[in-house]
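Peer 1: So the sequence lines, in the order shown, correspond to chains C and L. Take the first sequence: its letters are residues 1 to 481, numbered as in my numbering. Take the second sequence: its letters are residues 1001 to 1542, numbered as in my numbering.
Think of the hints as simulated: they come from the structure by calculation, not from any bench. If you're wondering where the values come from, they're calculated on a predicted model, not measured in any experiment.
No farther apart than 20 Å at their CA atoms in a straight line, the calculated lysine to aspartate or glutamate pairs in the DMTMM-like style are these:
id : chain 1 : residue 1 : chain 2 : residue 2
1  : C       : K92       : L       : D1533
2  : L       : K1200     : C       : E170
3  : L       : K1523     : L       : E1536
4  : L       : K1523     : C       : D90
5  : L       : K1204     : C       : E171
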Amino acid sequence: MSLTDSIPNNVDLSSDRKLLRALEKWQPNFISWWRDMGPVGFQEDQIWLRTAVSVESSGWAHYDYVKMPDYRWGIFLTPNDGNAKIGFGDEKGRDSWDEVPGEMRASLRRIIVTQADTEPASVEQQRLLGRTAPSLYDLRNLFQVNVEEGRHLWAMVHLLHQYFGRDGREEAESLLERRSGDVDKPRILSTFNETTDEWLSFFMFTMFTDRDGKYQLSALSESGFDPLARCTQFMLTEEAFHLSVGEQGVGRVVRQAAKRTAQDSNGDARAHGAIDLQTIQKYINFWFSSAVELFGGEISTNAADYFAMGLKGRHHEQKKYDEHRGLNQIYTMPILDGGRLSSKEVPLRNAMNEVLRDEYVADCERACRRWNKVIAEEGVDFELKIPSRRFNRSMGMYAESAFDLNGDVITREEFEAKRDSWLPTAEDRAYVRSLMTPSYGPGEFASWIAPPRKGIKGKAIDFEYCKAGSPESPLWSEAAE
Amino acid sequence: MQVSFDTHPDRYQHWRLSFDGEVATLSMDVQLRGGLRDDYELKLNSYDLGVDIELADAIQRIRFEHPEVKCVVVNSAVDRVFCAGANIPMLGSSTHAFKVNFCKFTNETRLYIEDASRQSGIKFLAALNGTCAGGGYELAMACDDIVLIDDGSSAVSLPEVPLLAVLPGTGGLTRLVDKRGVRRDRADVFCTVSEGIRGKRAVKWKLVDAIAPRSRFDDVVAERAKTLASQGRDKGAGVTLPSVAPTVDGDTLKYKYVEVKIDSAARSATLTLSAPDDAPPADAAALHAQGAESWVLRCFRELDDAILQLRVNHLEVGLWIVETRGDRDRLRAHDDALRALAGDWFADEVIALQARVLRRLDVTSRSIFAIIDEGSCFVGSFFEIALAADRSFMLEDDDDNVAVALSSANRGTAPMGNGLTRLATRFFGDEASLKKVLAESGPIGTTDADDLGLITLAADDIDWEDDVRIAIEERASMSPDALTGMEASLRFPGPETLESKIFARLSAWQNWIFQRPNAVGPKGALTKYGEPDRAEFDFTRC
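Make the full structure from the sequences, and use the hints.
Peer 2: Next up, the structure:
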């Protein structure tokens, strides 16, 4: 199969010499990266995956069994009518850019490379998880997320190849050379260098960290650089699934925890091989506080520049706002002033990171309310809570002090005294890890997680979402039984 | 705001200085809220004048107090950030005069690093553990060896032009092409890509000397530091440098050998320098025993502090009048005794320090007049100050009580930034006159000094007061900008060196750009940095 046939696309790849030349070199490197750094142990198995084969509603969610290395990673831009206008910032109302404006090269490159680097990073972080999947359903979802992160890398690489010349090609190569957690070639953002070695963390990651990605993509989908806007618009359709894996995954762990808590005479969920709600709360505290860092500084020159240049807007910039210049407006935020919090008025453009973070926090709180409903349904008196965005920060202006879960200033000593009740301890992590044994039988679920309400795309919960492709497969023995 | 240049490692806020045998480590750890003013935060190891004052102090102390050090590793205590350069909000909110003073001082500090390498054999290694931008990379370029971490993202960069519409103002442009030999078209690319250059290309383009992966970084730095240290020589026990801070009495700064009287109304200051009271140390042991209290060292450290205080804290005092007092023969004996000890590491350091202080005077943007009158002592070391001055006035007296004289201090140990002695600069292109002056060994009276071309104006006691007064008042009335430009243009005839180029380009280009609307106008890039709206340029080329 030729390169153009194997890559589903709507960017007229077959007649684009520039893109073909770039991909001829990059695509084999991507495949070898996937084999080296993608999921360990399941590469020859048949996974029931969704593939985007076109941007039409009938084409972007095509389901079938596929071996992951044969997955057809494609390049798609949401179609437009060619009349897009810049929607915000200083250039608002002018025609969108179809090429990279020279004066914005450095900023756009930085935005795209930073976003792109997170995509392969998360695949690398999650590569060992298949060995301890709590069910075939979850295993399949993990791989769906992985291959789509791979496609998102393709989407970003397409922008680098198409619009940034030699420099873009070199950056695309570097995306395959950096490695999550590698001491010598780490991924750019520190969160993406931490390992995700058990499934509770995977669900937390897709719930909280990927959700940052959603808001970043959403802000970029408003971009005046038209290819970036259209590329991220299409990525968002796939990202929604990742977020639901996280939100529902955490929800299922919560349901099992509540069920077992209610069942046990001492309210001890751990006695039944489930994860207790207190530990889940600590994981929420940890992952939320790590994910809010990804939005960047509370008062940011870059954020102001990106908005002014028309490169990065607000979430739902067009739908939600009437005014799109963002000048002569203020945003009031609490700042640390002599060890206390006081209100400060900041020019709106400089507070754009915080505006985006507000949307994110509200979204997380909405998900948390759903989990609390689940707990109530099981008859347990316990409420999970999203901590304050100031809690446990290592970057930004709130990193200068310690804060409690409500966001009130406390001393470092007070924080340390409470650390073990607020954040997962080594013992908590060891316990969660001890639960991680695979459940590979169709319809089987590990002790610590409730089954989902329904299967994927009309399939039953006990559908065989992953099938062994060879005797070497971890799935093989289960299949033989 | 009064800036003090007096500091000590015990009081450093922003640097950690540690010693391990022949290798010292100078670790940058800039405190966010430790700036000289509180209207900016020193993020990402960015620096202000206060940070650089500590750096300059550290370099000086390593030279005098730790002669065992043969290599200094300059690194960062902040993870993944070496140094983001000069703090931009600080520059944006500073007056033009402050910016100019800041740049001048930081340039002198970078040159002192190179001076320590050349004169003291202390090699500097910049260990770039992460982001190294702007002034951070200029600091690295002042070092002998640059090692950059190779982690796929850390780069060296000079983003001033594309991001801030100003220049790398700490010798960055000159050092790229003159010192490191970066090809000029590559330098052009490098200085306009804000993201900088990393990894193998940084080595290929000669922007750094080596790259090392994170896991090998510390080892590579340690190995290279060891190699650099092996080039140094063994010296002896160090000499502690106590504070020379003056006592302040109204408008007077009083040091032991220097006194500064400020006349704000006249916009002038009178610096009076005193010759030694005692005979010179008989030998190296005696000099070492005197240590920091030896006359030349103490006197020129005091002069250094006085120059800096006047520069930064007394901006409108545009004319410095230099007077000297003391015994001419004793001063000459000190000069000659010190130079007779050349080869002794401490004597060499003292001589090098004197040369640095004199060079600081050369690049000071103040008019300098030397007053050679009754009781004055413009001999040798002090005569260099008269030669550094823009003009010198000498009183004619019948008894030849007023005289100047050369010593070994005028014969090559204190070159100017252009690489020449002050006498060679004064007589540039006139070898015969220079030769004649160098043949002089005794006191030179006013008439002879005038004939030899060593002074600007000779006046008898009847004319003296009026001539001097009018010259001073006239000078103080002229435009300070025009005077600064004129003086800087006239003080350095002859060849260019890295040092003279750096200061020339700083004063001519950077200080011009710092005044232009595209940088500092209401819509200029420095003004708009961090603001919600963006810079707008006037695209007229001039």
